[in-house]
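Peer 1: The chain contents come next:
There are 2 protein chains.
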Amino acid sequence: MILIFLGTAGSGKTTITASFGEYLEKNGKSVGYVNLDTGVKKLPYRPDIDVRDIITVEELMKEGYGPNGAIVESYDRLLSHAEGIVGGILELDEERDYLLIDTPGQMESFLFHDFGIRITEHLSEPLVAYLFSPEILKKPRDYCFVRFFAIMIALRLGTTTVPVLNKVDLIKEELPSIRRLLEEVDYLNARLRLDPSMQGLLASRICSFLPEVSSPVRVVYASAKTGEGFDELETLSYEHYCTCGDLT
Amino acid sequence: MILIFLGTAGSGKTTITASFGEYLEKNGKSVGYVNLDTGVKKLPYRPDIDVRDIITVEELMKEGYGPNGAIVESYDRLLSHAEGIVGGILELDEERDYLLIDTPGQMESFLFHDFGIRITEHLSEPLVAYLFSPEILKKPRDYCFVRFFAIMIALRLGTTTVPVLNKVDLIKEELPSIRRLLEEVDYLNARLRLDPSMQGLLASRICSFLPEVSSPVRVVYASAKTGEGFDELETLSYEHYCTCGDLT
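Protein chains in written order, with UniProt numbering: chain A, 1 to 248; chain B, 1 to 248.
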């Protein structure tokens, strides 16, 4: 079972890769770890496959690139290694119960760069966990943005994508109202209609299509710190695997 | 008139800021330049406002941050300066005919970080030019992705957003078929229906909503290298300003 953690820099991909992996191992599962981030300095898990063995952002900066240029260049250079990386991932996937893939620090290096496409298109039925933080959820339209963004990922990568609200340990009290806005489209729509701005109008129009575009979405509420939601994430990965993967 | 160039790292924001500014100046317009990228090393234009006067990614890396952490941290630190930056932009906007804003190298630092919201929400009717490169357009579903992504930007920032296909000098021959897929939703939909994959199905469903979600879109075909499309971009900025700004 392949689980890909995707999200913007700071959304907690690396931390959850480590802690969810630890959780699975404690439950007797064998876990493989893949790091696709050329810019990370230290990892809290021991990667079985690590793109930094091929190239790092730091090396490229020493060659004279600025940080943005170095990030892009690192994935440009990784392109010619994509086949080998995919081969390694598929092999590891056969050996282990779970394979956790930690993606580039900057989400766009995976989502907008051929590298991400080349890696995901050859994996068998990976599940993408789209991580986002509570800080991004300020107004009702932000919920619409996040819900649609998960669909954009599915469209771009061709993967089943589950939205994972990370860092829920920080929002104990607000969680019920956040859940409602994330899960009940009708309620979200009613709230959006109260916003008369152009933005509110656009959000309301986009949001009304959500039920037609995506099947009812299960959102995972997780904390890499406390382990909340890890059971749900494991169940989802397993269900996804059983309904889509070849179990004949 | 405020024009914000937004796009992934490598989409050509900085280059087009310089060359479009030069084009406007040659046509007798006064132009102000704003750099919001904490990671850029050298700029091909002289910024009137430059966030690197406050903080740079390089400095933060010397403090021990990795490249991704340093990028995020730089915008975290800029948050407390947002008001001052906006004040400077508004002042400059009054002095100049055009104000060109070059955004963070990594698009997500602007789109997913409060910094971007805080800057744009106080500007009067900025027009966002969403730059993307031909490399991203491989399959019909990629056109759907790009068109919807422009809508996502409008939703997130509350700005009118025009998709700008940059680097058209690289795709002379393919341009007519690219234009057709970008502009004719019915044609795009017909092409999408030929793709029986889950991804094709999702794209087709999303795409059929495009006419209802967004008004007919004018796409600009530009080249920062040859200056193609700059007249169109100028016209669009002006039209946007005249129809939305306060000209009473």
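Errors might be hidden in some of the hints.
Which copy is meant is left open, because identical chains are indistinguishable; a pair holds if it fits in one copy or across any two.
Keeping only pairs whose Cα atoms sit at most 25 Å apart, straight-line, the calculated SDA-like set for lysine to any residue is [to be verified]:
1. 138 <-> 114
2. 62 <-> 181
3. 42 <-> 62
4. 42 <-> 73
5. 138 <-> 79
6. 139 <-> 235
7. 138 <-> 122
8. 26 <-> 117
9. 138 <-> 81
10. 26 <-> 241
11. 41 <-> 69
12. 138 <-> 95
13. 172 <-> 114
14. 138 <-> 242
15. 139 <-> 227
16. 41 <-> 174
17. 172 <-> 28
18. 62 <-> 43
19. 138 <-> 124
20. 62 <-> 241
21. 138 <-> 228
22. 62 <-> 227
FYI, nobody ran anything at the bench for these hints, they're computed from the structure.
Predicted model, so just to flag it, every value in this text is computed and none were measured.
Peer 1: Each of the hints needs a verdict: does it hold here or not?
Peer 2: Now the hints, each set against the structure:
1. Within a single copy, residue 138 and residue 114 get their C-alpha atoms only as close as 32 Å, which misses the 25 Å cut-off; across copies the closest is 10 Å, which meets it.
2. For the identical chains of this complex, residue 62 and residue 181 are neighbours neither inside a copy (46 Å) nor across copies (41 Å), given an alpha-carbon limit of 25 Å.
3. Proximity of residue 42 to residue 62 under the C-alpha cut-off of 25 Å is found in both arrangements, the shortest distances being 18 Å within a copy and 16 Å between copies.
4. Proximity of residue 42 to residue 73 under the C-alpha cut-off of 25 Å is found in both arrangements, the shortest distances being 21 Å within a copy and 17 Å between copies.
5. Proximity of residue 138 and residue 79 under a CA criterion of 25 Å is satisfied inter-copy only: 16 Å between copies versus 37 Å inside one chain copy.
6. In this homomeric assembly, residue 139 and residue 235 never come within 25 Å of each other (Cα to Cα): the closest approach is 30 Å inside a single copy and 33 Å across copies.
7. For a Cα distance limit of 25 Å, the shortest separation of residue 138 from residue 122 across copies, 17 Å, qualifies, whereas the shortest one inside one copy, 37 Å, does not.
8. Within a single copy, residue 26 and residue 117 get their C-alpha atoms no closer than 32 Å, and across copies no closer than 42 Å, so neither meets the 25 Å cut-off.
9. In this assembly of identical chains, residue 138 and residue 81 lie within 25 Å of each other by CA distance solely across copies; the values are 20 Å between and 40 Å within a copy.
10. For the identical chains of this complex, residue 26 and residue 241 are intra-copy neighbours only, at 21 Å inside a copy versus 60 Å across copies, given an alpha-carbon limit of 25 Å.
11. For the homomeric pair residue 41 and residue 69, the shortest alpha-carbon distances inside one copy (18 Å) and between copies (9 Å) are both at most 25 Å.
12. For a Cα distance limit of 25 Å, the shortest separation of residue 138 from residue 95 qualifies neither inside one copy, at 43 Å, nor across copies, at 34 Å.
13. Taking the shortest alpha-carbon separations for residue 172 and residue 114, only the inter-copy value of 22 Å comes in at or below 25 Å, while the best intra-copy value is 39 Å.
14. Proximity of residue 138 to residue 242 under the C-alpha cut-off of 25 Å is found in neither arrangement, the shortest distances being 36 Å within a copy and 31 Å between copies.
15. For the homomeric pair residue 139 and residue 227, neither the shortest alpha-carbon distance inside one copy (27 Å) nor that between copies (39 Å) is at most 25 Å.
16. Proximity of residue 41 and residue 174 under a CA criterion of 25 Å is satisfied in neither setting, with 34 Å inside one chain copy and 41 Å between copies.
17. Taking the shortest alpha-carbon separations for residue 172 and residue 28, neither the intra-copy value of 30 Å nor the inter-copy value of 57 Å comes in at or below 25 Å.
18. Taking identical chains as interchangeable, the C-alpha atoms of residue 62 and residue 43 lie at most 25 Å apart whether they share a chain (21 Å) or sit on different chains (19 Å).
19. Within a single copy, residue 138 and residue 124 get their C-alpha atoms only as close as 36 Å, which misses the 25 Å cut-off; across copies the closest is 22 Å, which meets it.
20. Within a single copy, residue 62 and residue 241 get their C-alpha atoms no closer than 43 Å, and across copies no closer than 44 Å, so neither meets the 25 Å cut-off.
21. In this assembly of identical chains, residue 138 and residue 228 lie within 25 Å of each other by CA distance solely inside one copy; the values are 22 Å within and 40 Å between copies.
22. In the homo-oligomer, the alpha carbons of residue 62 and residue 227 never lie at most 25 Å apart, since the shortest distance is 38 Å inside one protomer and 33 Å across protomers.
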